[in-house]
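All chains should be modelled from the sequences, with the hints used to inform the complete structure.
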Amino acid sequence: MKNLFHSVKFLALDMASTMVYLLTYWAADHAFHDPAKAVLVATPVGMAFGIGQIAWLFAHKKRPDAMQWLSLFLVIAAGTATFLTKDPRFILFKPSIIYCVVGVVMLKRGWINRYLPERAIHLVPDLGVIFGYVWAALMFFSAGLNLFVAMKGDVGLSVKFLAIYPLASKLGLFAIQYATMRSIAARRYRAMTPEAQAAFEAAAPA
Numbered sequence: 003m004k005n006l007f008h009s010v011k012f013l014a015l016d017m018a019s020t021m022v023y024l025l026t027y028w029a030a031d032h033a034f035h036d037p038a039k040a041v042l043v044a045t046p047v048g049m050a051f052g053i054g055q056i057a058w059l060f061a062h063k064k065r066p067d068a069m070q071w072l073s074l075f076l077v078i079a080a081g082t083a084t085f086l087t088k089d090p091r092f093i094l095f096k097p098s099i100i101y102c103v104v105g106v107v108m109l110k111r112g113w114i115n116r117y118l119p120e121r122a123i124h125l126v127p128d129l130g131v132i133f134g135y136v137w138a139a140l141m142f143f144s145a146g147l148n149l150f151v152a153m154k155g156d157v158g159l160s161v162k163f164l165a166i167y168p169l170a171s172k173l174g175l176f177a178i179q180y181a182t183m184r185s186i187a188a189r190r191y192r193a194m195t196p197e198a199q200a201a202f203e204a205a206a207p208a
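As numbered in our numbering, residues 3 to 208 make up the sequence shown, in order.
Straight-line distance between alpha carbons at most 16 Å, and here's what the computed EDC-like set of lysine to aspartate or glutamate pairs gives:
(1) Lys88 - Asp36
(2) Lys88 - Asp156
(3) Lys110 - Asp128
(4) Lys154 - Asp89
(5) Lys39 - Asp89
(6) Lys88 - Asp31
The hints are simulated quantities; they were obtained by calculation from the structure and are not laboratory data.
Have a look at this one:
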């Protein structure tokens with residue numbers, strides 16, 4: 003289960019560049035009282051942060067995966083559109099695109115089982131399939147919710163939303179999944195005969 007949580011960490015990393023942009027925009031807008039000037043200040047900062055994330059991986063001899071390259075492309079594309087139009091909402095749409103891409107990937111049946119411990123794979127593989135689709139649903143819901151917030155055009159609201167919702171929603175679902183699978187796995191184990199339990203322990207080490 004620990005590996006599952008790490009498997010979605012790039013979502014938090016992607017939100018980081020958006021949050022840096024938003025916080026810079028918010029601070030610049032309060033300093034200059036000029037949204038257009040705030041965009042000119044915040045956009046290159048957000049883009050530089052996104053590029054810096056990729057540079058950090060190369061500096062530590064780590065190869066960026068496809069999702070990280072996609073995130074960088076969206077940082078540059080959304081940042082350029084924001085810079086040219088002076089409309090901060092282009093940056094705010096980026097997380098929705100990432101969520102949709104991740105949601106499509108998570109529609110693959112049983113994808114989550116590769117991240118489960120051996121005992122869970124033997125006891126609750128069906129729940130792994132179900133929760134795989136639940137994670138996909140969360141991604142699509144998050145994409146729509148972020149789009150709704152972005153369309154409001156309220157940068158302050160977007161700052162609060164992206165500071166709380168992405169992490170809280172994933173931690174919440176992770177906790178629900180862990181508790182549900184652990185409870186049902188324990189019940190199924192107790193329902194086994196002693197012989198079946200012995201065979202299980204031999205086949206699925208702790």
